[in-house]
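Take these sequences, add in the hints, and give me the full structure.
Chains as they are written, first to last, in this note's numbering: chain G, 21 to 281; chain S, 21 to 281.
Calculated from the structure, these hints are not laboratory results. Take the hints with a grain of salt, since some may be wrong.
Put simply, identical chains are the same to the list, so a pair is met inside one copy or across any two.
[To be verified] Dumping the calculated DMTMM-like pairs for lysine to aspartate or glutamate here, alpha-carbon to alpha-carbon at most 25 Å:
hint	residue 1	residue 2
1	K61	D188
2	K69	E219
3	K169	D96
4	K34	E240
5	K47	E219
6	K217	D62
There are 2 protein chains.
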Amino acid sequence: MNVTELHRIDRTVKQWLQTSRNFILAKMNENLNVAEKSSRKDLVTNVDKENEKLLISKIRTFAPDSQILGEEGFGDQIRQTKGWVWVVDPIDGTMNFVKQRDHFAIMIALYVDGQGVLGYIYDVINDQLFSGGPEIGVFQNDERLAAPKNIGLRDGLVSLSGPMVIHDRFNFQKVAETSSGLRIYGSAGIEITHLLKGEIVAYVSYLKPWDFGAGKILAESLGLAVSTVDGQALDMLSSDFVMVATVQAQQDILPIIGSNV
Amino acid sequence: MNVTELHRIDRTVKQWLQTSRNFILAKMNENLNVAEKSSRKDLVTNVDKENEKLLISKIRTFAPDSQILGEEGFGDQIRQTKGWVWVVDPIDGTMNFVKQRDHFAIMIALYVDGQGVLGYIYDVINDQLFSGGPEIGVFQNDERLAAPKNIGLRDGLVSLSGPMVIHDRFNFQKVAETSSGLRIYGSAGIEITHLLKGEIVAYVSYLKPWDFGAGKILAESLGLAVSTVDGQALDMLSSDFVMVATVQAQQDILPIIGSNV
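Listed below in structure tokens is the structure:
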């Protein structure tokens with residue numbers, strides 16, 4: 021895809037995101053309809069669902085031949101990644117959305133023939149949009165981001181799944197203690213924006229495709245390593261234990277996890 | 021102290037905080053001089069020290085008969101709390117300051133004869149000042165904050181010290197799992213601002229007087245419970261395991277901690 025075409029798509033997606041943000045902000049003045057999905061800690065609201073429908077309808081009009089993978093199930097059943105595949109998370113960090121009314125993100129990704137082309141993480145309340153891809157670079161709003169410094173585990177802060185730390189999954193307690201400190205923000209999208217800004221050096225959690233679809237594109241475009249927890253390539257259609265890290269922090273963490281996978 | 025006098029002090033402290041914020045922002049463009057205090061995870065920088073000197077000099081000029089308790093040791097040795105006692109933390113969350121250049125706070129508190137009168141937590145980068153006290157109310161910048169809802173542990177997010185979760189101190193792993201989710205932000209001041217806004221329902225960590233001095237005043241002014249981890253009154257001159265929580269969350273957490281103190 022040429023750069024002119026990429027910029028045309030980029031401008032269009034940013035318009036959708038503005039519409040979507042305004043929709044969410046308006047809905048936050050009303051009572052939320054909150055339901056549990058797999059557990060009391062896995063929530064969905066009417067706003068997640070309505071926002072996914074809104075974004076999918078925009079995509080269908082703009083690029084009708086696309087496949088769409090949406091968290092709330094209003095997209096397609098996808099079995100192969102040929103052609104254009106959009107990945108949509110209408111509200112990432114729904115628990116934060118419900119309990120904090122802050123620290124959640126809209127995320128959209130575009131893959132073409134399995135390759136990440138454009139990614140978007142939009143911190144709605146703070147109006148910070150992280151966008152871009154390997155061809156056009158990565159931006160925070162209008163400011164181009166430089167690659168984060170390649171800092172190792174010992175000299176950086178890490179973000180790990182809270183339950184996985186508590187149960188010491190993958191030797192995570194040692195990962196946390198080796199680092200300069202543990203942080204937990206509660207939204208994969210928000211955690212990855214901290215990585216893009218160089219504020220943390222690694223993030224590891226169990227993620228579904230819509231949790232990492234956009235972040236993978238943005239992180240890799242800035243030279244960060246994105247893999248499974250044991251350093252293997254990610255399948256963009258599968259859920260997995262995912263590590264996003266500086267190259268050095270990834271190399272520091274893999275031996276600590278070692279045979280605990 | 022009458023309300024006119026409180027407002028005069030309030031306006032003055034806010035001027036110091038603006039000066040102090042500008043000083044820190046200017047210094048962030050220079051190289052930091054970072055040193056370890058008790059461990060590699062307990063940092064101090066030249067900016068912590070210089071900002072404490074700046075604030076203490078303001079206080080000495082404004083209220084020369086005061087005692088001053090400062091984190092970096094440029095204040096007084098305080099043995100009793102009679103009269104005016106100022107508590108100063110020039111940069112709370114120094115690790116965040118060094119590694120993230122964000123998510124840290126300037127904190128100032130004024131106690132008179134041991135009673136909290138005015139507290140200030142200033143999120144420097146995001147320019148959000150939490151200020152006030154029992155007489156004049158609590159504000160986020162110019163907006164008065166209402167008391168947070170009295171939400172229990174199960175229905176709210178909690179913030180706990182990362183190392184204490186890892187070592188399951190005080191049965192903290194069960195506290196986290198009983199809650200709706202664990203968050204860790206890495207600055208006592210910032211954690212307490214999340215409580216003031218109702219975004220989390222409890223925060224527990226080992227804190228020194230300058231870590232909780234301002235937060236205790238602001239939290240209690242909004243009806244939150246501030247105590248030691250086993251529900252006892254805090255001594256404002258002593259370090260302790262401190263819990264700041266909604267009344268309901270405190271009641272939910274105390275039996276989980278139970279005999280583990």
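Now the hints, each set against the structure:
1. With identical chains, the CA atoms of K61 and D188 are at most 25 Å apart both within one copy (19 Å) and between copies (21 Å).
2. In this assembly of identical chains, K69 and E219 lie within 25 Å of each other by CA distance solely across copies; the values are 23 Å between and 31 Å within a copy.
3. Taking CA atoms no more than 25 Å apart as the test, K169 paired with D96 passes in neither setting, with 38 Å inside one copy and 40 Å between copies.
4. When the C-alpha separation of K34 and E240 is checked against a cutoff of 25 Å, the pair qualifies only within one copy, where the shortest distance is 21 Å, while the shortest distance between copies is 43 Å.
5. With identical chains, the CA atoms of K47 and E219 are at most 25 Å apart between copies only, with a shortest distance of 18 Å across copies and 31 Å within one.
6. In this assembly of identical chains, K217 and D62 lie within 25 Å of each other by CA distance solely across copies; the values are 23 Å between and 28 Å within a copy.
The earlier numbered hint that this structure contradicts is number 3, and it is the only one.
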